[in-house]
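Each chain is listed here by its residues.
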Amino acid sequence: MKNCTDWSRVVCHWSFVFGLAVLPLAPLRADAIEDGRVAFAQGDFPAAVRAFETAIASGGPSAGLYYNLGVAQLKAGQRPQAALNFRRAILLEPRMIDARMALSDIERSQGVARPKSDWRGFVAEKAPLKVLVVVGCALVWFGAFLLLFVIFKFKSGRKILPSLASVFLVGTGAVLFLVGTLSDPRIDQRHAAVVLADEGVTLLSAPADQSATVTKLPAGAALRILQRSGDWAYCQGPQGEKGWAPSKDLATVVPTA
Amino acid sequence: MPRIHRCWLAVLVVSGIFFVGVSAHAQQVQAALSQEYTSVGQPVQLNVSVVGGRGAQVPPDLKIDGLEARFAGKSEQMQMQMGGGKFTTTVTATYTYLVIPLRQGNFTIPPIPVTVDGRTYKTSALSLRVGGSSGGVPVLPAIPVQPGHPGAPVIQTVPPVPAQTGPLSEDKIAFGDLLIPKKTAYAGEVIPVEIRFYFEATHPVRLQDRPSFGGDGFTVLRFSKPEERQQEIDGRMYNVVSFQTAITPAKSGSLEIPAATIETQIQMPSRRSRNADDFFGGFFGNMGESRQVPVSTKAVNLEVKPLPREGRPEEFSGAIGRFSLQATATPKKAAAGDPISLHVTVAGRGNFEGMSAPHLVEAEGWRTYPPSEKFEASASDPIGFNGEKHYEYMLLAREDQSRTPLAEFSFFDPAIEKFVTLKSPAIAVEARGGSAAPAGTVGAVSSPTPQPQAAPTAAPVTGAEDLLVSSFSPATFQPFVNSQGFLVANGVLAAAWLAALLFGVARVVSQSARARESASRREIRKLLHKMEDPACEPDCFFDLAVEFIHARLAAKGSAADTRDLLETSTLSEETKSALRQLLDQHDALKYSTSGTRLKPGADERRQIINQLRTFDEELH
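Those sequence lines, one after another, are chains U and X.
Each residue of the first sequence is one higher than the last, beginning at -6 in the working numbering.
Each residue of the second sequence is one higher than the last, beginning at 58 in the working numbering.
Calculated directly from the structure, the hints in this document are not laboratory data.
Hints should not be assumed to be uniformly reliable.
[To be verified] Below, a list of computed lysine-lysine pairs in the DSS-like style, where the Cα atoms sit at most 30 Å apart: (1) X:K480 with X:K389; (2) X:K431 with U:K119; (3) X:K229 with X:K239; (4) X:K390 with U:K119; (5) X:K308 with X:K240; (6) X:K229 with X:K355; (7) X:K633 with X:K656; (8) X:K239 with X:K355; (9) U:K209 with X:K308; (10) X:K480 with X:K431; (11) X:K355 with X:K282; (12) U:K119 with X:K389.
[Stated by the list, open to error] To give an idea of the chain U side of the interface with chain X (calculated C-beta under 10 Å), a few residues: (13) A65; (14) R93; (15) L122.
Just so it is clear, CB atoms sit at the ideal spot from N, CA and C, and this is done for glycine as well.
The whole structure should be built from the sequences, with the hints applied where relevant.
The following block contains the structure:
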């Protein structure tokens, strides 16, 4: 009985030590989220923005957190920043309809031209990409192992049908894998950025203030950074127009470390 | 052109004229309304067409209780056909009345008497339904003919006089007219416009392009395809080309609609050929010169008023015109998480491009998303401001629902100068509420995204927390295919597959080497079987024995001496000794002159074969 009590003390002691080590992280995020919700409910949107930013910084990215941050920023009047964080939420969870709706509203109100949609956007919006990739991989490997088995174990006259079935599995899996991978916005939009400057940004024909104007993009517009040169970024606008913009007026959708 | 050819051409044309028979018989008299349904104050056209008769007489006014019907004008269309070796010309005269309803109700327009060549025909009776001033199907106001407008066609209401002779001034050969049905309009209102160009029929014309038309302060819709007809003006026949379009004033104030101009190439009479002494010379000797002539309409002024502020609904869609609203929902039953599609149709006439989607009301308990939209222009509308716009809303029940939200659509009706709000009725459905919404959307609102707020307010926002989501599954900006777990798992699988491949290949190779070895051994052992044959001569017996020893000791294809192979083998000394003796016997038999001495008996043969078997097993 005495031994048992001693063991309990040891377990309690170490649990306490472990808890002390871990506590500063997990509750910090939970508290920040709760603080953000309370501030939002009370109409203190700047405080809600700060709280959700803290939650992201302490607990890592999450589509829900970026969405909440975007909503708080929208309420606080920070529309370009809200557009950026809704984009981040969509990047992490392409099927998050609320974020898409909110982003669509901002873009409409800002007069932002929508980029041309392609099949990748359609797939990302409709299908679970991770499932596509995993199932595709599983089919590829299953088909590949089955092919080896057929080649080495079956007699020559009985190899054709099982071999074709294996090749079919490999092909189907490869297609699923490629579709899932290429549609992943984290790959497709890894160079995407959003105009954060309230007055918008002017794309110039050369990285110099006095160069000719290519087009003007409003705040919240998305573009693609093709190249960086000093304080300038060579970008492609939503309608395909290309030009130079000051890097300070842009923020990448994938946060930089 | 040589003069003789011109003469022949003239003869041919004159001959042709003799064959032309103008059908002067009234073959068909009929009446038609431009709309069968209208509203109070909205005019419709009543057209009485007389096919094959010229100079028909129609009553100047029609007396119908509740309707005001005025004669508006006449136009003629001439169609020439060649058949059976002669030209036939059919003239269709259209007599137009403007019918303005004075009150609601169903009206019957009685048969209209039409006198042609002394005979009186009657049209069939027509019915017209007149609704209230704010409802009903929208109608296009008739484009009034303005007889006093300079350059406008003067409509003949009496039988035409013979064609005038003598030269025409250029502005009588070709001119244009811009017809706008109203002089005041509202900013944003779509106003139908007709642009007509008149070309004197004896002057061949080629139109270079569509008319150029546009200016500041208004936008122009697309042009219809040009319509061609003939019309008699001042006793002369004109080819009339008309284009329909619509304009939308962008701002209020006095707006000048500039002239529309079309580039044409017209065969004008040559200035030096005005001398008509020579008949053929006048018609053919000097056909005139082809000239590039821009033909323009006159500019028109339009007074544009701003939309009134009073009475403007909060959810005003921006639509100006006349519209109706319909809604349907499918499916009628939906399980938890299954969407219901609410299909809302806005039909009518107006600025479809400038309107926003109907607003959903009483949508508590529903999750709604921005609708998709699609416009279908009316098939009879050449310019696309008359049609239907379809909106499709996806609805998800957050809790059990028995009816859909209502669609509410507000527009400004310029005819009654008031804002009108239409509401579709709620549609009975059976929708189960549930949480089968996409991940991360829990608690989203049913209304569109919250509007921005310039400054934060300290007051608590009721229900604002519902805007936030409460699912925070961890995620990463790193693509899944770049994640460590995915790469490790696939690396392991790839290594396993490669290992399996190598194993399989090695197995196949080894199996084939062993098989070859076994086959070779079987072949070698056949030598022993041959040695057992009693008929086998001693020479043959020993040759087979030596061959067996060599084959078993030597690698495939080896040409080394058998004795050397025996000495370097790992066989026991006893076996080696026995084999050496066997080889000596073979050599003695081979090289001895008295071979009889070496002839082995049956027992000796068996002993030798047993020794060879022992040797074979020892090697194995």
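Okay, the hints, checked on the actual structure:
{"no.": "1", "hint": "X:K480 with X:K389", "verdict": "20 Å, holds"}
{"no.": "2", "hint": "X:K431 with U:K119", "verdict": "21 Å, holds"}
{"no.": "3", "hint": "X:K229 with X:K239", "verdict": "26 Å, holds"}
{"no.": "4", "hint": "X:K390 with U:K119", "verdict": "23 Å, holds"}
{"no.": "5", "hint": "X:K308 with X:K240", "verdict": "15 Å, holds"}
{"no.": "6", "hint": "X:K229 with X:K355", "verdict": "14 Å, holds"}
{"no.": "7", "hint": "X:K633 with X:K656", "verdict": "22 Å, holds"}
{"no.": "8", "hint": "X:K239 with X:K355", "verdict": "16 Å, holds"}
{"no.": "9", "hint": "U:K209 with X:K308", "verdict": "25 Å, holds"}
{"no.": "10", "hint": "X:K480 with X:K431", "verdict": "20 Å, holds"}
{"no.": "11", "hint": "X:K355 with X:K282", "verdict": "21 Å, holds"}
{"no.": "12", "hint": "U:K119 with X:K389", "verdict": "24 Å, holds"}
{"no.": "13", "hint": "A65", "verdict": "8 Å, holds"}
{"no.": "14", "hint": "R93", "verdict": "9 Å, holds"}
{"no.": "15", "hint": "L122", "verdict": "7 Å, holds"}
No hint from the list above goes unmet by this structure.
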